[in-house]
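Residue numbers (this note's numbering), protein chains in the order written: chain R, 1 to 72; chain E, 1 to 72; chain S, 1 to 72; chain G, 1 to 71; chain F, 1 to 71; chain W, 1 to 71.
Rather than coming from a laboratory, the hints here were simulated on the basis of the structure. Each hint should be verified, as a subset may be incorrect.
To be verified - List of simulated lysine-lysine pairs, DSSO-like, C-alpha gap at most 30 Å:
#1 E:72 - S:13
#2 F:40 - E:72
#3 G:40 - R:13
#4 E:29 - F:40
#5 S:13 - S:29
#6 F:17 - E:65
#7 F:39 - F:17
#8 W:40 - W:17
#9 W:17 - S:72
#10 S:65 - S:30
#11 S:13 - S:30
#12 E:30 - E:15
#13 F:39 - F:28
#14 G:39 - E:29
#15 S:1 - S:13
#16 S:15 - S:29
#17 R:34 - R:13
#18 E:30 - R:30
#19 S:65 - S:13
#20 W:28 - S:1
#21 F:17 - W:28
#22 W:28 - W:40
#23 S:30 - E:34
#24 W:17 - R:13
#25 F:28 - F:17
#26 R:72 - G:39
#27 S:65 - S:15
#28 G:39 - S:15
#29 W:17 - S:65
#30 E:72 - G:40
#31 S:34 - R:29
#32 E:15 - R:65
#33 R:15 - E:29
#34 F:17 - F:40
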Amino acid sequence: KEIMQWIDSENSKAKVQSSIHNFTDMCWKKCVTKDITSNMLDTTESNCMTNCLQRFLDTNINVVKLIQAAQK
Amino acid sequence: KEIMQWIDSENSKAKVQSSIHNFTDMCWKKCVTKDITSNMLDTTESNCMTNCLQRFLDTNINVVKLIQAAQK
Amino acid sequence: KEIMQWIDSENSKAKVQSSIHNFTDMCWKKCVTKDITSNMLDTTESNCMTNCLQRFLDTNINVVKLIQAAQK
Amino acid sequence: QISQELAIANATELVQKITENCFQNCVKNPGSTIDAAQKKCTEQCFEKYMHGWNLVSRAYITRIQQSKYDI
Amino acid sequence: QISQELAIANATELVQKITENCFQNCVKNPGSTIDAAQKKCTEQCFEKYMHGWNLVSRAYITRIQQSKYDI
Amino acid sequence: QISQELAIANATELVQKITENCFQNCVKNPGSTIDAAQKKCTEQCFEKYMHGWNLVSRAYITRIQQSKYDI
Numbered sequence: 001k002e003i004m005q006w007i008d009s010e011n012s013k014a015k016v017q018s019s020i021h022n023f024t025d026m027c028w029k030k031c032v033t034k035d036i037t038s039n040m041l042d043t044t045e046s047n048c049m050t051n052c053l054q055r056f057l058d059t060n061i062n063v064v065k066l067i068q069a070a071q072k
Numbered sequence: 001k002e003i004m005q006w007i008d009s010e011n012s013k014a015k016v017q018s019s020i021h022n023f024t025d026m027c028w029k030k031c032v033t034k035d036i037t038s039n040m041l042d043t044t045e046s047n048c049m050t051n052c053l054q055r056f057l058d059t060n061i062n063v064v065k066l067i068q069a070a071q072k
Numbered sequence: 001k002e003i004m005q006w007i008d009s010e011n012s013k014a015k016v017q018s019s020i021h022n023f024t025d026m027c028w029k030k031c032v033t034k035d036i037t038s039n040m041l042d043t044t045e046s047n048c049m050t051n052c053l054q055r056f057l058d059t060n061i062n063v064v065k066l067i068q069a070a071q072k
Numbered sequence: 001q002i003s004q005e006l007a008i009a010n011a012t013e014l015v016q017k018i019t020e021n022c023f024q025n026c027v028k029n030p031g032s033t034i035d036a037a038q039k040k041c042t043e044q045c046f047e048k049y050m051h052g053w054n055l056v057s058r059a060y061i062t063r064i065q066q067s068k069y070d071i
Numbered sequence: 001q002i003s004q005e006l007a008i009a010n011a012t013e014l015v016q017k018i019t020e021n022c023f024q025n026c027v028k029n030p031g032s033t034i035d036a037a038q039k040k041c042t043e044q045c046f047e048k049y050m051h052g053w054n055l056v057s058r059a060y061i062t063r064i065q066q067s068k069y070d071i
Numbered sequence: 001q002i003s004q005e006l007a008i009a010n011a012t013e014l015v016q017k018i019t020e021n022c023f024q025n026c027v028k029n030p031g032s033t034i035d036a037a038q039k040k041c042t043e044q045c046f047e048k049y050m051h052g053w054n055l056v057s058r059a060y061i062t063r064i065q066q067s068k069y070d071i
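If we strip away everything but chain R, and leave its shape as in the complex, we get (with noise of 0.2 Å):
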């Protein structure tokens, strides 16, 4: 039984991992547009990647909501 919830917690660890590999990249495309000059986000570049993650969350949320609103 105990190896099991290792695994689990194993498990959704990756997952975790994998889903911030996939934001990263998408709000980096996101919010990364300008040509690169500097080793750091600006102030604009790193407000943007945080509301990016952020608002996308809510629009899962959101969207689940929707999907179980129109199953009923």
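Assemble the complex: chain R is given as a structure, and chains E, S, G, F and W must be docked to it using the hints.
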């Protein structure tokens, strides 16, 4: 033997579903390019979605024929 | 033991093939941007395809070095 | 049980594609909240995408059945 | 038998990539049929893509062999 | 051992995403070598991407923990 047939049929259902998701995604990106102001596809968009699917499948058939001809 | 080596070699063949498909797809999108009017790549396109592959692999090596340096 | 997993996989995939596409269509400049216009757009986009998905599903299944064509 | 599956997987993947790319290159506004120009474009695109795939294959395999570089 | 595989998978995925994105950002017209400007751009892009990845990681994990929200 029956169980194998049933697994095959479940597998091909999964493949069809997955293809439908990919086709819808691809044709949506091709056909829905204006700002969204309605909850329905308009006539142009809806024709585009259907034609996009059908012509994609035509192209797929053509490519299969071309590769078969090239392998001879 | 021999069978394991053979499986390994089949696996790495599959990886190489899959990489070739991804590289061709990426470099095609980068290099073939004009309307298609010939069945051959012209000189510009063909140089671009080769350079795209080689510079992508160079970039990959650089990124691996940078991540290894960052982990120290 | 596999059929049920298939249905869940299908719903999960649909949620993911709708989220990705409607986020791109409706939230072009992500700010500190989803505003009313973006929320309305997402709702319309959701129904519109479902409409497109239904069109594609029916057309594809009809075509498979007619031609035994298998991609 | 695995080698054979590998060959089939390879051909399937090639068909899929060519279909996707040549559909985007040649059928920009999908209508009620594939017209003669789109068909010709697809045939040229097919050969052109195979040409590119051959270039990339040879260059990549040469590079792996020279440097034992493994991506 | 699984945890270690996870760490390796994570680093591999990160290398792949950084390579793809920084190649697109920094090597717009691939020539016969990576020139000095492209190399510098790649180094800056690498650190910048890591910065973005850290931002997203922290924000996502915080959000999961706060809301038990699971995508």
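Practice problem: Given the hint that residue 28 (chain W) pairs with residue 1 (chain S), test it: the Cα-Cα distance must not exceed 30 Å. | Solution: violated (46 Å)
Practice problem: Mind checking the alpha carbons of residue 39 (chain G) and residue 15 (chain S) for me, to see if they're no more than 30 Å apart? | Solution: violated (43 Å)
Self-check item: Hinted pair residue 17 (chain W) and residue 65 (chain S), Cα distance within 30 Å
Solution: holds (15 Å)
Quiz item: Does the alpha-carbon distance linking residue 30 (chain E) and residue 30 (chain R) stay inside the 30 Å limit?
Solution: holds (19 Å)
Exercise. Would you check the hint for residue 17 (chain F) and residue 40 (chain F), treating anything up to 30 Å between C-alpha atoms as holding?
Key: Measuring from Cα to Cα gives roughly 18 Å; hence the hint holds.
Exercise. Given the hint that residue 39 (chain F) pairs with residue 28 (chain F), test it: the Cα-Cα distance must not exceed 30 Å.
Key: This hinted pair holds, its Cα atoms lying about 13 Å apart.
Quiz item: Is the straight-line distance between the alpha-carbon of residue 72 (chain R) and that of residue 39 (chain G) 30 Å or less?
Solution: Holds: residue 72 (chain R) and residue 39 (chain G) sit about 21 Å apart, inside 30 Å.
Self-check item: Hint consistency between residue 15 (chain E) and residue 65 (chain R) [alpha-carbon to alpha-carbon, up to 30 Å]
Solution: Status holds; Cα separation ~26 Å.
Quiz item: Under the criterion that the straight-line Cα-Cα distance not exceed 30 Å, is the pair residue 39 (chain G), residue 29 (chain E) satisfied?
Solution: With Cα atoms ~20 Å apart, residue 39 (chain G) and residue 29 (chain E) stay inside 30 Å; holds.
Practice problem: Take the C-alpha atoms of residue 13 (chain S) and residue 29 (chain S), compute the straight-line distance between them, and say whether it is at most 30 Å. | Solution: It holds: about 25 Å lies between the C-alpha atoms, which stays within 30 Å.
Quiz item: Does residue 34 (chain S) pair with residue 29 (chain R) here, judged by a C-alpha cut-off of 30 Å?
Solution: holds (24 Å)
Quiz item: Is the Cα-Cα distance between residue 15 (chain R) and residue 29 (chain E) 30 Å or less?
Solution: holds (27 Å)
The structure shown violates the earlier hints numbered 3, 17, 20, 28, 30.
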